[in-house]
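Protein chains in written order, with the numbering used here: chain L, 1 to 279; chain U, 1 to 493.
Source of the hints: derived by calculation from the structure; they are not laboratory data. Among the hints, erroneous ones may be present.
[Unchecked claim] Now the stretches of chain U that chain L is said to cover, found in silico as 3 or more residues with beta-carbon under 8 angstroms:
1. 95-104
2. 116-125
3. 130-136
4. 359-373
5. 461-474
[What the hints assert, rightly or not] Interface residues of chain U toward chain L, partial, derived using beta-carbon atoms under 8 angstroms:
6. 144
7. 399
8. 430
Keep in mind that this is a model prediction, so the values were computed, not measured. Glycine included, each C-beta is placed from N, C-alpha and C at the ideal position.
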Amino acid sequence: MSTKRRSKTAEFLKHGYLWFILGTAFYPLFVMVVVSFKTNEQYQLNPWFFDAIHTWQWQNWAVAWNIVSTYIANSIVTSVAAVIFSLIMTVLTSYVLARYRFPGRNVVYYSVIASMFLPSTAATLVTLFALLENLNLINSLWALIIVGAAGGQVVGIFILKQFIEDIPKELFESAQIDGAGHLSQIRHIVLPMSGGILSTVAIMKFLGVWNNVILPLVIMRDDEKFTVPVGLLYLEGEYVKQWGEMMAGYAIASVPLIVLFLFTMRLFVKGLAAGAVKG
Amino acid sequence: MVARITAGLRTFSQNLRFWSILYLLMFPTVVGMVVFDYYPKIDVIIMSFFRWEPPTLMEYIGLGNFIDAASDPLFWQSFQLILILLVTNLLKMWPAIFAAVALHRIVNQTHRYIYQVLFVVPMVVPGLVWLLIWKSFYDPDFGILNRFLNATGMMTVLTWMDGTFDAPGVMPRIAATLNPLFDGFVNPVFGNIWGFLVFGAILASLASRGAPQEGRTTANLWMLSVPALWTVAFLTGVAGTAAGFLTVFGISIFLLYKLAVIAGGFWVLWFIWISSLCALFFSKPVYITVLPLVGILVVEVLYRRLEYFTARESARWVAWILLTAASFLVVFGMIWTHPTGQFVEGSPAWLGNTDLVIPAIIFWGFPWVGTIGVLIYLSGLQQISQDVYEAAELDGVGPIGMLFRIELPLMMTQVRINLIFMTIGTLTTYEFFLLLLGPDGGPGNKGMVPGLYMYKRAFEDGHFGYACALGMVLFFIVLGLTIIYNKYVRVEK
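For reference, chain L alone in the conformation it holds in the complex (with noise of 0.2 angstroms):
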């Protein structure tokens, strides 16, 4: 008996700790949606709980999807664009160096390792800057998808590499007395079962790229080429705060990201618990 009810009191903690946390976690999020329906003034009023729904200020949707839908376009175009290059860089290289030795392959291997302990700080961000304007890369979102698709495949690489080495070496061995090249080895063999790892890298890429916040805000110089966080930040900056078209547009900025995650939900728990496993 006494038992039973310290584990039903141990049980009510555990839980009444977990929702706590959620609770307080998502409150911001409860927040946004509240006032995206309200006027400054019923801000002001009852900042606590959604009006009488006659109230609602639609509106603030409206208003806010004119500014921010050009921006989550940009994103778009920018985060995809990254993502396929990245991946096919690392497809390319992690194939390469799973499979061969050739000389300078442990160069290449361990100074994709190394880029990960080097910490980048500021300063890099300086010098990245200067060469971005040599490059003639400023105000284009070309230097975005250039820098996110050549930055950070450090991870992807040294998972994928792991998991082509694994892959039985007979299947390629027999794909090559067919005749089939190396990017036929890849389509074929590489690519159809790695699937579930590459999706993963993906949306890590994919959401690293998309919240990029730093670099934009120091390249793009033209409103219609701001990326989602640059794009929020300058409505955000505004002298007179509109609160309800502003966290209409921080909803709507967060919408690309929620649907992607509902699509790719176990994906998502498993990669991140993978790469929290890695470190």
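Starting from the known structure of chain L, fit chain U onto it as the hints suggest.
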């Protein structure tokens, strides 16, 4: 394998053709990595020796930038904020650890999966959206925080604690009462309050060392070598020059590395880093050596007089009492020393007031549970075998005992990994402060971290070369930490 054998049979030119295809396949990655990853990093090194103010000025000035950096008050001040953040972030790790343990202990698989998914969701909302919503919480007039404080009556409490400029509240008066304690005891004995704290930290770290073995004296000497080096460097004025400072810094990293090899033990390193940084920025030069020396002597005397386990336990108690007393003095005697006068009107400007910026930053992101952190802890917890739990249950260990006797010790590797991420993240992150407070770090530069200062010098003032030099200093600090941590973590595995 076959590829290698057949490759061996080919002639060299055939080999070359075969390899060149491989090189071609890797070409995009290599070029991308060299141009956009390594080149900027190497360029930082080169450019730190130049006075570089684009678009016109670019001249070689040797160590000039570093000499300027050594006497740049704002740069060193930014490290004080880092210390405060390190300490608070250390405390902020706990909610996530508890969350992971609670999640791990949920028996029902479905519930557990649902929680796990819910914990991942915050990752999905862009970081900037979180930041901007939280920023709206702090808004003086509209913000939820002030509304909440007013609605629950906590604003009255804060006003009571704070008072007005004419009639100081409770907290400033407590600080005034504690003042004699600082003048009469702390300052003459320990140099200053940080010395007091460092002394406690040193005792705590020494008390957590393993059983006494041969060569403890050697380890003690190695431990003393770093502080002694700094004392000498400061007294002779060597540390005042950039070259001297960097040399001494490099030597101490080497010495700490040797110490890590000889003495082992994570807490030794952690406390030595904190104490040397504290000593570096807050204390008088002599105390840098005197405090560790006295600490080591105290512990050695305890070990000689008492049996080992009693000695270790009592050293630990002394250390924790000292640390608690020091923290108490810091919290009540140094932070809230004068009324801010912000609370009386019921709408404090959290991000716009010199005194409130740092508390606002510390409270930011409550309840401080990050997705990645929880998942890392969880991966550690999942490796604990069921047998351990069963054995503990037979011994009558309760749920709280399980936490401290089984789960925490067995997930120490994961805690360390997070600690490393946290330390390096705290040292290098600046985006948050830039987006929140602007390039000047908010009112009175209170929110200035080293990274932000680099950003400001480069993109606000146009001093690119100087920013690179500051970047080099930060880089070496982080690199030193990484090397030591890596060495240590590998030893543990």
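Taking each numbered hint in turn, which are not upheld by the structure, reported in ascending numerical order? Per hint list: zero violations.
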